[in-house]
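Enquirer: Chains as they are written, first to last, in the working numbering: chain A, 1 to 513; chain B, 1 to 133.
These are computed hints drawn from the structure, not numbers from a lab. None of the values given here were measured: they were computed from a predicted structure. There could be a bad hint or two in this list.
So the derived list for chain B, only partly shown, Cβ under 7 Å to chain A, looks like this [unchecked claim]: (1) Phe32; (2) Leu43; (3) Arg95; (4) Phe99.
Chain A is nowhere near these chain B residues, computed Cβ spacing over 12 Å in every case [stated by the list, open to error]: (5) Val4; (6) Val8; (7) Leu11; (8) Leu34; (9) Gly51; (10) Pro53; (11) Glu65; (12) Ala78; (13) Phe88; (14) Arg113; (15) Thr116; (16) Arg119; (17) Arg120; (18) Asp121; (19) Gln122.
By construction, the Cβ of each residue, glycine as well, lies at the ideal position given by its N, Cα and C atoms.
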Amino acid sequence: MNIVLPLPFALPLAGAALTMLAWRWPALLRTVSVAIVAGVTAASILVAVAVSREGVVSTQAGDWPAPLGITLVADRLTALMLVVSSVVLLAILIYAVGQGIVGQKQAEPSVFYPAYLALSGGVCLSFLAGDLFNLFVGFEVMLVSSYVLLTLSPNPARMHAGMTYVVVSLTSSILFLTTIALTYAATGAVNLADLSTRTEDLPSGVRTALALMFLVVFGIKGAVVPLHLWLPDSYPAAITQITAIFAALLTKTAVYALIRTQTLLFPHHETETLMLVVAGLTMIVGLLGALTQQDVHRILSFTLVGHIGFLVFGLALFTVAGLTGAILYLVHHIVVQATLFLVSDIIQDESGEITLNRLGGLVGVSAFSAALFFVPAMSLSGMPPMSGFVAKLALLQAGFGSGRGLAYTVAAVAVLASLLTLVAMSRIWTLAFWRPRPETPEPSGEEPGDEPGLTREERYSHRLVRGVTAAMILFGLLVAVFAGPLTDWSEDAATGLLERVEYQRAVLGEDRP
Amino acid sequence: MSVVLLCVTGLLFTIGFHLLLQRSLVRVVVGFALLGHAANLSLLLAGGPAGAPPLLGGKDPEAGEMTDPLPQAMALTAIVITFGVTAFLLALAYRSWLFLGEDEVQDDVEDRRIRTETRRDQGEEYDSGQDPG
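With these hints in hand, go ahead and build the complete structure from the sequences.
Expert: This is the structure in structure tokens:
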């Protein structure tokens, strides 16, 4: 019995209920929300400490023995994801608070905080879930909150995007439920550790069918090509800090679930070849899409799709090196993608524009935000010495070291995709920051900076927003600085994922295989 | 018995997905509800043959035939979730109707832009070919 394990999702869910009661007092709402997400971060670190001491930790809700009760499990991958996600959740919440202080740009309905906390709870529950059905519930909590967040302060474009997003997500949820039913019908279990001992005995046809079902379900949720079409259409429509949290966490949670199910339940790697092909396609389609776009948010959404390909590539190799690369890439991408969306929000704030053909000359307006953009953009493209380079290097080494022809090809595609990312990022960099501003009617947006017209509150908000973004960039750089220990940790996590024994023992007890 | 339910599940999935692909939002909502039923039925079917009680209070579980209660519990949870989400979907469809004044899904903005651009590029030839005047 481990008391720390439920905290990362129990805290925010309780907090969501609390903040719903406190809608009348905005200051209280903000303080409580930030305090709770900070608590989640602390709890996640505690989980990581427990994992580093004891290996895989698990707890049974209500002390029901393993395959019967609700199981929560944390291994090294879970702990790492929890820590990184909760830090990003905290940063974006503080950013949103900073934007909300000015509050003229967007109405900030009080439903934001409860929905945000519920989303945090859903994400953490998905990471910790030790059985399929709980994973489904975690996903639903996360997705339902995301429906609310996406359609906050509605306008026609947002409604259109919201409808697409909701219907696609619901379809994948129904498929998930059906997959759970089929899995249960085939094996009589939903507990992941229990399932992992039973899938061995299934006929190979049934096993492949189940593996493919899981791939489709998490492929839709994770926007893997050709199931990605909903993402670039819906994410950019939301309020930008909400897009940032979606881009950072929702697709990554799906990829996490994909890694968990494919490694734990299907040790014969039925989907290996298909996933390799799909990974290559995702990289190319996503990044070519990014090159054709004008809207910065849409460019970033397409690069998000493209970079999901890198994660799937690492998983599809099914080697310790490949999974290590995928885990490193997850950490890097969560931080950097969120930062880029936050920076694009700052750009929009400063110039009142977000499409490339109307942007220009931003470096003269604010050199600081140019710097804010440059670092994560280069990290995303994989320039040394940033976190993107470390993660990409690990992935490419794994790809070229695997000795399979197809893996070589996809690794070559990955190099090309990195190059395309660099092109997409330099396009924003040169067009938005360095060329002279195109002759357009003066934008409605105010001039930024500490000009005398700003009230004290506005100036405070400006500083808070930029400070948080800078802190996120620093966090991204820290990932690169501590690449050594992080790689060791990821390698242990990858070994655990492939060997499975520690996970099974932690849940089912020592006597089981 | 089970075969009938199996066919019903298949039928529900078919109709559900068909409705989901329609342009009218109300049909989409109904389609989603049907899909939810289909998924819940398959959960129920996963629990084995129907008819026996789900729980026997006695001490000896071998005494009588018992239906697996776990899929029923899962179906119950899933019903609650689909119920809530359907309500949200209806509200969203209503909001969308308030904004747009119609129940149809609009063309995607990006699609429309690409279509106009393609037409502009090829405009001359096609217009001269198709226009009777």
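Enquirer: Could you run down the list of hints and mark each one as holding or not?
Expert: Against the structure, the hints:
Taking 7 Å as the C-beta contact cut-off toward chain A, the hint placing B:Phe32 at the interface holds, the least distance being around 6 Å. Because the closest C-beta pair between B:Leu43 and chain A is about 4 Å apart, less than 7 Å, the hint holds. Using the Cβ-Cβ criterion of 7 Å, the hint placing B:Arg95 at the interface with chain A is satisfied: the shortest such distance is roughly 6 Å. Using the Cβ-Cβ criterion of 7 Å, the hint placing B:Phe99 at the interface with chain A is satisfied: the shortest such distance is roughly 5 Å.
Separation of B:Val4 from chain A is adequate, the least Cβ-Cβ distance of about 17 Å exceeding the 12 Å criterion. Look at B:Val8: its CB is around 14 Å from the nearest CB on chain A, clear of 12 Å, so calling it non-interface holds up. Every Cβ of chain A is farther than 12 Å from the Cβ of B:Leu11; the closest lies at roughly 14 Å, confirming the non-interface assignment. Not every Cβ of chain A is farther than 12 Å from the Cβ of B:Leu34; the closest lies at roughly 10 Å, contradicting the non-interface assignment.
For B:Gly51, the requirement that its beta carbon stay farther than 12 Å from each beta carbon of chain A is met, with the minimum near 17 Å. B:Pro53, annotated as away from the interface, keeps every beta carbon of chain A farther than 12 Å; the closest lies near 19 Å. Chain A leaves B:Glu65 outside its interface by the beta-carbon criterion, the shortest separation being 16 Å against a cut-off of 12 Å. Under the 12 Å C-beta cut-off, the non-interface status given to B:Ala78 relative to chain A is violated; the minimum distance is some 6 Å.
Not every beta carbon of chain A lies more than 12 Å from that of B:Phe88, the smallest distance being close to 6 Å; the non-interface claim is violated. Not every CB of chain A is more than 12 Å from the CB of B:Arg113 (nearest about 10 Å), against its label as outside the interface. Chain A leaves B:Thr116 outside its interface by the beta-carbon criterion, the shortest separation being 15 Å against a cut-off of 12 Å. Every CB of chain A is more than 12 Å from the CB of B:Arg119 (nearest about 18 Å), matching its label as outside the interface.
Even its closest Cβ contact with chain A, about 16 Å, leaves B:Arg120 beyond 12 Å, as expected for a residue assigned away from the interface. Every C-beta of chain A lies more than 12 Å from that of B:Asp121, the closest at about 15 Å, which supports listing it as non-interface. Distance check for B:Gln122 against chain A: the nearest CB is about 18 Å away, which clears 12 Å, and the non-interface claim stands.
In terms of the numbered hints stated before, the structure departs from hints 8, 12, 13, 14, listed from lowest to highest.
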